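Trainee: Residue numbers (the numbering used here): 3 to 107.
FYI, nobody ran anything at the bench for these hints, they're computed from the structure. Bear in mind the structure is a predicted one, so any value in this text is a computation, not a measurement. C-beta: ideal position from N, C-alpha, C; glycine also. This list has only true hints and no planted wrong ones.
Distance ranges between label pairs, derived from CB positions:
| id | residue 1 | residue 2 | range |
| --- | --- | --- | --- |
| 1 | Pro-19 | Arg-94 | 38 to 48 Å |
| 2 | Asp-81 | Val-61 | 22 to 32 Å |
| 3 | Gly-82 | Lys-4 | 19 to 29 Å |
| 4 | Arg-31 | Val-64 | 31 to 41 Å |
| 5 | Leu-80 | Ala-48 | 13 to 23 Å |
| 6 | Pro-95 | Glu-23 | 31 to 41 Å |
| 7 | His-79 | Lys-4 | 16 to 26 Å |
| 8 | Ala-48 | Gly-76 | 13 to 23 Å |
| 9 | Gly-77 | Arg-31 | 17 to 27 Å |
| 10 | Leu-73 | Met-103 | 19 to 29 Å |
| 11 | His-79 | Gly-49 | 15 to 25 Å |
| 12 | Met-103 | Leu-36 | 17 to 27 Å |
| 13 | Arg-15 | Ala-48 | 12 to 22 Å |
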Amino acid sequence: MKTFLFILQFMTRLPVPAGIEFTQERLVRGMMFLPVLGMIVGGLVAGVYVIASSIVPPVAAVFLSLSAWVLLTGGLHLDGLADTCDGVFSLRPRERVLEIMKDPR
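Given the sequences, and given the hints that come with them, work out the whole structure.
Mentor: Quick look at the structure:
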């Protein structure tokens, strides 16, 4: 159970009981919970969309569901996408592209 709570804490912004320390082993073992976590996050985001689409126009419902996704995950995947675009569209040599993608700024 600690491993699941750790991966929940690592991949989302959902509140988790404190005291679960980061270890490489826990991170590796936690990978088996990623599909379950994806279903939880996806279900919550889909729920926001279903509720919102019954109240507001579809474009607004999509905006609200994407906002919920970013709030739940802290935008972790969007950050990775932005880093990838920075590197790929820089039109630099391969080594420089990888360096750009690893840069935390």
